[in-house]
Amino acid sequence: MLGEFEYVLITAAAGLGENAYGAAIREEIERAAGRSCSIGALYTTIERLEKKGLLRTWMGEATAQRGGRAKRMVRVTPKGMQAAKEFYEAVMRVSRNAAWAAGKPERAS
Amino acid sequence: MSSLAEMATIFLSPMDREAVLGDLAETGDSGWSALGSVLGLVVRQRIELWRAWQPWVAGGMAFAGSLLLLGVSFGLSVDSRRFLRGERGYGSVLCEALLMTSWAWTSGFAVASLSGKTRWVSGVLCAMPCLSCVLRFHDTSLSRVCLLLFLLPAVIGAAQGIRRDRLSHRTALTLAIAVTALMLMWGGMYVRNFFFLLPAWWLVAHAERSERSNEKAAA
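From first to last, the protein sequence lines stand for chains A and B.
Heads up: the first sequence at position 105 corresponds to 104 in numbering that gives the first Met the number 0, and the numbers run straight through without jumps.
Heads up: the second sequence at position 182 corresponds to 181 in numbering that gives the first Met the number 0, and the numbers run straight through without jumps.
The shape of chain A in the complex, shown without the other chains (with noise of 0.2 Å):
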């Protein structure tokens, strides 16, 4: 089963579609999950996937905005969709007594 950090990154991959690479990624984490990711975790997290399978890279074009460096390209895997379909149903299975998942108002501990 994916780890929470690898379930962020392959939606944010997936989110982005055709344009989705390690600045972009980043951003896109960072924006929707509100909290900061370091290069480190990144990359490292992506080779980790790519090893795994769930996700595939390469080198893309270079960008004056970049500096005239290349890009480096991720498209999730049909097998990394599946992992990311499978930790999100089990996030929704485990949540469905939660209150706040549910709507229920909080109990008092």
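The hints are simulated quantities; they were obtained by calculation from the structure and are not laboratory data.
No experiment lies behind these values; they were computed from the predicted model shown.
Don't take each hint at face value.
Listed next, the in silico DSSO-like pairs over lysine-lysine satisfying Cα-Cα at most 27 Å (straight line) [claimed, not checked]:
1) Lys116(B) / Lys51(A)
2) Lys50(A) / Lys215(B)
3) Lys84(A) / Lys51(A)
For this one, chain A is given, so just place chain B on it according to the hints.
Using the frame of chain A, we list chain B on its own:
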């Protein structure tokens, strides 16, 4: 962008260097923040390597192999001296020299192909027993170099292991059978020597596994 951060990227692979420097330029990170980002990635990548079993086995093999091969090198030196005095036949000494060379080469190759990225740690683990034994060596009739005869074939094996990653299945099998046969001919079938058969037969298994996965990928 900080030139310090750019300098720190020498620890990254060319692909990572390109992507990370581009990302830093795009996000406008500079100075200490950029340096911290690059070093953070370098440290994480090193830690990530050690989450697998291969670097641990490679390190253990480098340490134990070096310790045992020191003894083999010393034994070969003593037997060579006996041969020069006419106390031993050349066949036995030649066999011993061939065995030491093949044990050292296969061990070096196996260590490097198991975990080439942690080769410096494996190298240090191999050097530690060597240094310790060389410093404590007191036999005045033999040079200290006689302890390190195994180093040259081991280093050549490691260099080839880093370059090639694996042998072809046929080559690995031929080598493993030759080493085992040589050991049987030499008659040194005790526990220590069986340890040296492990790298040779591991190379066979590794070659077979790689060929099988290549066939599967092609299919």
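Each hint tested on the structure:
no., hint, result
1, Lys116(B) / Lys51(A), "holds (19 Å)"
2, Lys50(A) / Lys215(B), "holds (17 Å)"
3, Lys84(A) / Lys51(A), "holds (16 Å)"
Violated hints are absent here; each numbered hint is respected by the structure.
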